[in-house]
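A.B. asks: What follows is each chain in one-letter form.
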Amino acid sequence: MNPIAHSPHAHAPASISKVMGTVLLALVPATLYGFWLYGWPAIFLWSITVASALIGEAFVLRVRQRPVRPALLDGSATLTAWLLALSLPPFAPWWLGVVGGLFAIVVVKQVFGGLGQNVFNPAMAARVMLLISFPVEMTMWAAPTPLSGEHALSFAQGLAITFGGAQWDTMASASLLGHVKTEFTRGVDLLHSLPGYFEAGDALSGHRVGSFGETSAVLLLLGGVFLIVKRIITWHAPVAMLLGVALPAAIAHAIAPEHYLAVLPHLLSGGLILGAFFIVTDPVTSPNTSAGMFVFGFLCGLLTWIIRTWGGYPEGVAFAVMIMNALTPIVDRYIKPRIYGRDRKGTALPAKKGA
Amino acid sequence: MMFFEKFFGGLRGGVHPEGKKQLSAECPIRSVPLPQKLYVPLQQHIGAPAAPVVKVGERVLKGQLVAAAQGNVSAPVHAPTSGVVSALGDHVAPHPSGLPVPTLTIESDGQEEWVALAGIEQPLELAQEDIAARVAAAGIVGLGGATFPSALKLNLSRASGVQTLILNGGECEPYLTCDDRIMRERAAEIVEGIALIAKAVAAQEVLIGIEDNKPEAIATMQAAAQGSAIKVVAMPSMYPMGSEKQIIQVLTGKEIPAGGRPADIGVLVHNVATAWAVQQAIRYGRPLISRIVTLSGGAMRTPCNVEALIGTPVEELLTVAGGLVPPVARMVLGGPMMGQQFTDMRVPVVKGTSGVLALTASETGQAEASPCIRCSTCVRACPIGLLPLEMAAFIRVSDLASSVALGLKDCISCGSCSYVCPAHIPLVHYFNYAKGDLAAQERGKLKQEATKKLADARNERMARIERERAEAAAKRKAAREAKERAAKEAAEKAQQESSASESA
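Quick mapping for you: the protein sequence lines, in order, are chains A and B.
Mapped onto the working numbering, the consecutive letters of the first sequence carry residue numbers 1203 to 1557.
Mapped onto the working numbering, the consecutive letters of the second sequence carry residue numbers -16 to 487.
These are calculated hints, taken from the structure and not from any lab test.
Glycine included, every Cβ here is placed at the ideal spot set by N, Cα and C.
From the structure, some residues in chain A lie toward chain B, with a derived Cβ separation under 7 Å:
#: 1; residue: H1208
#: 2; residue: S1209
#: 3; residue: V1221
#: 4; residue: P1485
#: 5; residue: P1539
Calculated lysine to aspartate or glutamate pairs in the EDC-like style (CA-CA distance at most 20 Å, straight line):
#: 6; chain 1: B; residue 1: K460; chain 2: B; residue 2: E472
#: 7; chain 1: A; residue 1: K1220; chain 2: B; residue 2: E1
#: 8; chain 1: B; residue 1: K392; chain 2: B; residue 2: D247
#: 9; chain 1: B; residue 1: K228; chain 2: B; residue 2: E188
#: 10; chain 1: A; residue 1: K1432; chain 2: B; residue 2: E1
#: 11; chain 1: B; residue 1: K418; chain 2: B; residue 2: D393
#: 12; chain 1: B; residue 1: K418; chain 2: B; residue 2: D382
#: 13; chain 1: B; residue 1: K435; chain 2: B; residue 2: E425
#: 14; chain 1: B; residue 1: K476; chain 2: B; residue 2: E464
#: 15; chain 1: B; residue 1: K20; chain 2: B; residue 2: D73
#: 16; chain 1: B; residue 1: K392; chain 2: B; residue 2: E425
#: 17; chain 1: B; residue 1: K182; chain 2: B; residue 2: E108
#: 18; chain 1: B; residue 1: K228; chain 2: B; residue 2: D247
#: 19; chain 1: A; residue 1: K1547; chain 2: B; residue 2: D393
#: 20; chain 1: B; residue 1: K228; chain 2: A; residue 2: D1545
#: 21; chain 1: B; residue 1: K38; chain 2: B; residue 2: E90
#: 22; chain 1: B; residue 1: K392; chain 2: A; residue 2: D1545
#: 23; chain 1: B; residue 1: K228; chain 2: B; residue 2: D393
#: 24; chain 1: B; residue 1: K237; chain 2: B; residue 2: D247
#: 25; chain 1: B; residue 1: K237; chain 2: A; residue 2: D1545
#: 26; chain 1: B; residue 1: K38; chain 2: B; residue 2: D92
#: 27; chain 1: A; residue 1: K1220; chain 2: B; residue 2: E351
#: 28; chain 1: B; residue 1: K182; chain 2: B; residue 2: D113
#: 29; chain 1: A; residue 1: K1547; chain 2: B; residue 2: E238
Isolated chain B, as found in the complex (with noise of 0.2 Å):
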């Protein structure tokens, strides 16, 4: 069976996307003027949002907790600058819909003046426990897009045991550079995260993957390694080689079972940039309040490498790119394979935003869709092994079932159907729209179940309450005739006293 897979296309799937860059990849990252107002969202990661713990007007400083975390799997919120909170309320989300969500508003006060930070001197003699407790109070989530809570990854794999950390430098998207800066740009740093986290799960085998068209980061993390049990490989460049199934099965060979997670095999996938802020909260105590953020595509007039402030708008970003150059056919936050438009500049930057492009209309290739000629270009790309195509034609006919046969729960929403499609049919918008509609349907069911069990409950506490008033009134009705036997009985024996009497 091995043979007949190597036979047919053992290196299944991907594609290859113009890279672009060249466009920001020999620009250092830059900073950022200070924006007079951060608009910093309680929801950047998956999970609860956290709970604002500072009131309106009241003054913050940089580094400062202003929302906590909610829940087992959510992450705390902190101030990205000093000044004051000067709203807590609506505003445009860094999605598509543009709609707003809540959010604190920090008007800075131009100090930067920070919190107490607790650094740590030696932070590899920590406790494995306390190097995941300071991860998750630095409110650190995964830096390439996922924004998974990280301390809860370092827990999870804890607890299952880690063979292989994989530190996951792929940054298979175009465009995007902001991996590729930190890593030549912070290697020691990152190497210093990297053995905190390896330290913190007790990993056996640290490899950093890297793709080969990024030279200069393989070779600077290379010298800043040596030494250490890191490997650092360097890995064919190809879409989506930076998903972490697809980074796993290149560096080990293993498979994440369906429906399972990396630490199932005793894997821990984390990315070097969320590498980097782990060590700047354990030796410097300093949370996550800032991230590399790449601008780049064709309409951006300067693409480059920013580090920017959690909360910064974008507008304020692209003043630093030197402006757009019209026509922009499309806004993207973060890479164009799976990054999402965007329409308001005011929208902030969060904890997973990697890039903001402008793209032009040759970039973007937008077409009208045509009918499908079932070429099987998509299956050829599809990284999973899906057949996109089929996959589609049953979610037309709102065919879930069938879809979800085919392996739509498997489907990563890489893109790769979709980008090579010659028919420009918006496959992995199909797809997405089905687990929507899927998610939907099973949060429809909990809550009918739901309802059904408070609805049962509710008909037997009626009927209980019944049944007791209907024994209290028998009891009562009961009491009562004992009682006015009783009290005929006494009035008999009193009249018959009395007859008695008379009679006597």
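In isolation and in its complexed conformation, chain A is listed as follows (with noise of 0.2 Å):
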């Protein structure tokens, strides 16, 4: 006999795995993409950190004598190894997927609670880790070599650079943010270091050098458009991480153009596409309400512009992330919803008789 049921007798038919897999579905054309663009070591790289998170939430849910299977099958391991693959170099050796895929799962999930209570978000947190102890192999950047191109890897060569640590003529190259960064510290200006450096065709192509997952803005665009119409996702940190890279540099670059890269280059670069529609809407680590929303994605991306232009690193997506994520319950504790028959402190609304 089951035990008596409270109210509603009725559900939607919604589950914490139907969401993860919607986002992962959403991940697939440019994670697709990114393996024909990179070839074998991003297939070998993307496997790897997904296995060892996997593993590593496997793991710990023994240990904590939780229940493993309903866990590993609700998709958020997957889907935060899955995030982090796509922000690591292309090239980048098998050790690092497997330290961070571990290090996001471990300690920024599950030694904070587990599914719904961490945090940071583990993507970017271990990114951010392996960012700040790994420099030299994180910005080890590769030129696109498609699968189907005269450059392809073969399968052992893509064997030998992500397990090997076989390096490769293509592995010289900068990204967009690190390159102009760099000239900055020579003291070369935009104006003589960018062109023949940015064509936005490419950017939207993905045609360029970056993260294996982040370079093509117009199928993370693609996926984040489907997370919004399968209502996974509400439009309000999205556009308002966009806005707020392209609000102050926009500002910045109508006043010194030769100091401030322009609106388009900004978000087409880096992660900001991949953060504004699948990290800063992450729900564990945002805030409730919708105003929260916007206004945690707004300062996600001006942080993001500000650490861009200032900053020591070239890119300053995850830090941003991670520095709004501790802001979140602050953001949670100001911006809550006006309650009926109240007013937005609280008060309860006077009684007008007969009127």
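From these two lone chains plus the hints, build me the complex, please.
C.D. replies: Right under this line is the structure:
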């Protein structure tokens, strides 16, 4: 006999695994494109990152004496590792994926209490940890070598890069943001360093240097719009984050174009699109309300722009997201929905007789 | 600020559960064969239970008063058919606990012999107070499910003035079609009932709100209301549109102040079925002894709508619907969003029973709860503007005060949050548990205060008695001493006198 159940006696066709599954689905186009663009090393790196995250999750759940299977099947660990993998340099060595995947799941997620309890976005925290600990490996960019192209890497070459630590001649390139930063330190301003380095078309299609999943803005955007249509995320945080970068960039660029990048390269560079649609929309580490999400997203964008512009690192999405993750409880404390029959301060509305 | 609110979702909250109304919407209201035994609970309303005025073994007529209202908030109960009162004892309650409650059992004699009814030819000429008094005497309560005594609402509203009278034909609960059918089939009676209610409270404006998923009901009511001041308004179909707070917000743009009543903003809301009951009570003098019940659900063989006598056991209704199609995952009284599960098929239909649902496992969608991922779907679904996930988190750690600070007491228990939660967390269960716990705490506090008062009074009384006793003792002692002194003096005097006389 079933125990007596409380109402409601109906349920929307929704579940956590469905939510996670939809997000994973939204990542598939950009990921497959990344596989094609960078070949076997990217495939190996992605697989090993996801696998180590799942193993880490299973291990901790076993230690915590929690059911392992349902947690692995809910897709949350896969999603974390997947996002982390997309933000890694495609030719990174295998152990970077292992260390990152394990750190994201074991330290950032499970130590804080598991699903729903982590303060920081596990993928971004892991990326930041890797960037600080292994700055060389984390900035070894490679120019795209599409699987179907003439420079395609063979399976064996892929193995050699990911697992054998082999160097490749395409690996010398720098990403746009990195290039700009380096040139600045040499005293070369934007007007001289940028020409020939940024083509909006390449940025949209992803045919450029960068992390393997971040390069195709179009496909990531497509996935993001799909999630909004599917009502998995709302537009507030993504739009606000893009605005948070675009507004200061537009103003600064208008004032001093030789010092400040224009809006378009900002929007299409680095992890911004991935961050706006897949990272700041992470439910666990972002605010509760739509207004809160807007504020959160905007500040993530603003911080990203500030770090990119004046910070020591070329890219700022991961740092900005972590800082804002820490501020999420504050945002939630001050931005709450107005309760029916009360004003914004929570005082009951006055009774109006007859009128 | 208005812009801000609009920008970030002015039409707040609500969910769109699958309607499932097509299962029973086209089934005209059917009658139920007269049951042999009717189980009439003494409490079918909010407030104090009615007190029986008949004895076991007594013959009662259909519509005869069998239990009288007690106190300010209460409603009388009438015999649903003629027969003999065979028991006054406990019977399984229409409540998830299935615990027994005081119930009158009436064994029907099959005669359906009515008590003498005092109908009125020209009901609209009645005085305001008389309308309310007749509604009270007929035992009418809110038939939308809240079962608040209707006459009390009329009296409260007459005192504070009513600008807008709203008739709730929203019926936003999935499956239920009882209000839909009554509007389609008894529109003229409902309109007369509305006119009576409007007269009773001197309403300036009368609106009937009907969800736009009931076009036939809208058309029928519009036709019936033609030529009157009553306006029929089609409302968007959304749960919980039929909730008092939401229907007022949608139709008038006003909000009931927190902790207040609709009367505070000059609004009165009654269900359309209640208006029908009011018309029956006043034109024909018939008390509330039957209601329309929807029998539906994936495990109900032939879903339909029936007019059932109050006290009819659910098992008798099920035979009208052709029985159940196993496997039945859950039996529910009322709608699926706010209704209550029951397990004993002998539970009777009461005044608040709007539906009996037999649901399959796929319809209930029950699943184990998993951890909250803070997706805030519940925040977006809440029609009140609460933070269900935060409130539940506080309740989990027994921090009721923090939950109250987030608006626990404003929660209307509509279940929208639980319905949409992808983690299947029983959010509204937490809230109702917490509300119950708070009520118990408050009762405990009142009891403690009362006990303390009594104890203080006793101490004071004991002290006073002690004091009085001491005073009395002192007085007695004083009196005794005075007496002794007097006797001594008298003796001395006598001695002196005697010695004087001796010396003389």
